[in-house]
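Visitor: If you read the sequence shown in our numbering, its first letter stands for residue 1, the second for the next number, and so on.
Treat the hints as calculated values from the structure; they're not laboratory data. Some hints here could point you the wrong way.
Listed next, the in silico DSSO-like pairs over lysine-lysine satisfying Cα-Cα at most 30 Å (straight line) [as the list claims (entries may be wrong)]:
no.: 1; residue 1: Lys-160; residue 2: Lys-186
no.: 2; residue 1: Lys-160; residue 2: Lys-193
no.: 3; residue 1: Lys-186; residue 2: Lys-176
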Amino acid sequence: MTLTLRPLTGQAVDDALDDLAQLRIMVFRAWPYLYDGDLDYERRYMASYRDSADAILVGAYDGDTLVGAATGTPMADHADDFTEAFASTNYPLEQVFYCAESVLLPAYRGQGAGHGFFDAREAHARALGFNYCAFCSVMRADDHPMRPDGYRPLDAFWRKRGYAPLPGVIATFEWKDVDEAGQSQKRLQFWIKAL
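Generate coordinates for the entire structure from the input sequences, incorporating the hints supplied.
Guide: Shown next as structure tokens:
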């Protein structure tokens, strides 16, 4: 299995969104997201990537098949739920590029796609003149009943890349967990890096 990473912008982002929606539904069903998604919700959620002139989608391909992807947009173009979290910081939103999801099918992990995803988004953000990249990670209790044995969070990977959590900068977002009857609020911790 050989992975090829391709940065997509403009119409190419829109063309890949249905495949990205399917990947998000599959990958985010696992811990720690536990997301019980559907295609209609995904299409509405991903409209910000289609509508932002400065969005990027970094596709991981096995031949012509999209097996992973990472996205990014200017923070100001993303959901109000996320931008509100920055209101109490000294980071101007117009200087922050938001690295949104990174999803990759399990069979393709361990081949460097994670670094490639961040490299491409950070280069894109620099080229657009942004001073910072930020992302957020879902917060789950250590004693959550669905936490798998031996789970290792990605904190060490993110720190190696120069990201650090922003104390108290937490967004809330709603989605339906696989074990829930309806949507509930989730807390997401922001991490940031100077470019």
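Visitor: Next, verify each hint and record whether it holds.
Guide: Structure-based check of all given hints:
no. : hint                : in the structure
1   : Lys-160 <-> Lys-186 : holds, 26 Å
2   : Lys-160 <-> Lys-193 : holds, 11 Å
3   : Lys-186 <-> Lys-176 : holds, 10 Å
Going down the numbered hints, you'll see the structure goes against none, and every one checks out.
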